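Visitor: Sequence:
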Amino acid sequence: VFAMFMQSCHKGGDPRTGLRIYDMNIANTTVKGQQHSSSAKRIAPTPHLVGSALQCCVSVGDWSKALRIYRSASQAKLRQSVATVSSVVKACCQGLKWRTALDIIQRAPVVNEVAFHTLLVQMGREYSMPASMGDRVVRMMRARGLEPDDRTFRILVVGYARVRLWRRVLEVEAETKRLGICLGPTVEPCYYQAKRALGMLGGRRKKFYMHRRK
Numbered sequence: 001v002f003a004m005f006m007q008s009c010h011k012g013g014d015p016r017t018g019l020r021i022y023d024m025n026i027a028n029t030t031v032k033g034q035q036h037s038s039s040a041k042r043i044a045p046t047p048h049l050v051g052s053a054l055q056c057c058v059s060v061g062d063w064s065k066a067l068r069i070y071r072s073a074s075q076a077k078l079r080q081s082v083a084t085v086s087s088v089v090k091a092c093c094q095g096l097k098w099r100t101a102l103d104i105i106q107r108a109p110v111v112n113e114v115a116f117h118t119l120l121v122q123m124g125r126e127y128s129m130p131a132s133m134g135d136r137v138v139r140m141m142r143a144r145g146l147e148p149d150d151r152t153f154r155i156l157v158v159g160y161a162r163v164r165l166w167r168r169v170l171e172v173e174a175e176t177k178r179l180g181i182c183l184g185p186t187v188e189p190c191y192y193q194a195k196r197a198l199g200m201l202g203g204r205r206k207k208f209y210m211h212r213r214k
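First residue of the sequence shown: 1, per this note's numbering; consecutive thereafter.
Hints are computed from structural coordinates only; laboratory data are not their basis. From a predicted model like this one, the values you see are computed outputs, not experimental measurements. The beta carbon of each residue, even a glycine, is placed where N, CA and C say it ideally should be.
List time: in silico DSS-like cross-link candidates among lysine-lysine, alpha-carbon distance up to 27 Å: (1) 11 x 97; (2) 195 x 177; (3) 65 x 11; (4) 77 x 97; (5) 77 x 65; (6) 97 x 65.
Restraint-style ranges between C-beta atoms, simulated for each label pair: (7) 196 x 131: 14 to 22 Å; (8) 71 x 199: 44 to 52 Å; (9) 150 x 43: 39 to 47 Å; (10) 185 x 82: 28 to 36 Å; (11) 16 x 196: 43 to 51 Å; (12) 114 x 4: 17 to 25 Å; (13) 44 x 185: 45 to 53 Å; (14) 177 x 146: 20 to 28 Å; (15) 12 x 174: 45 to 53 Å; (16) 16 x 177: 46 to 54 Å; (17) 179 x 125: 21 to 29 Å.
The whole structure should be built from the sequences, with the hints applied where relevant.
Guide: Dropping the structure here:
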């Protein structure tokens, strides 16, 4: 019931109320001696409750609370889901806690491409993603038995183009061609800008038009 209330608050645009429900009713936990809340009468947390609370944390941008809830759930040996890991990674990225997000992904018992894509997207938006970090995330994916797909490479191209790492943009283009992966028309402007910046094109500028979805 509490999880349903929290989900309703999250979807209804009132995630702070969802977090208050969690604080007032879910079992008290401690992280490094710090109490999460002070009420005595509580129910035991469940994976569904923890997942709902983490979604609320992402909505309000409270990365520290998300990390406390996640660590408390880990200490209680609650089953972790892919959605739980992705939520706490996104919350940490919102707080610019990149190393913490990377550590969570490395230690998580279950993880899929979504968590890595979340990390890459947030890095591109907030961190001006360096080439070394993009390469590291791709290596981590492969170490977990996950192969980068078209979305992975598309995120990398856009992230590198945003910080004008033009050679990296073209390296990703070459790799996708080698793997037979098509990224579609959305990255063509990035390829064009990279080639023009590196003096590989001359003459007239090319215009790009966004394709409208029907």
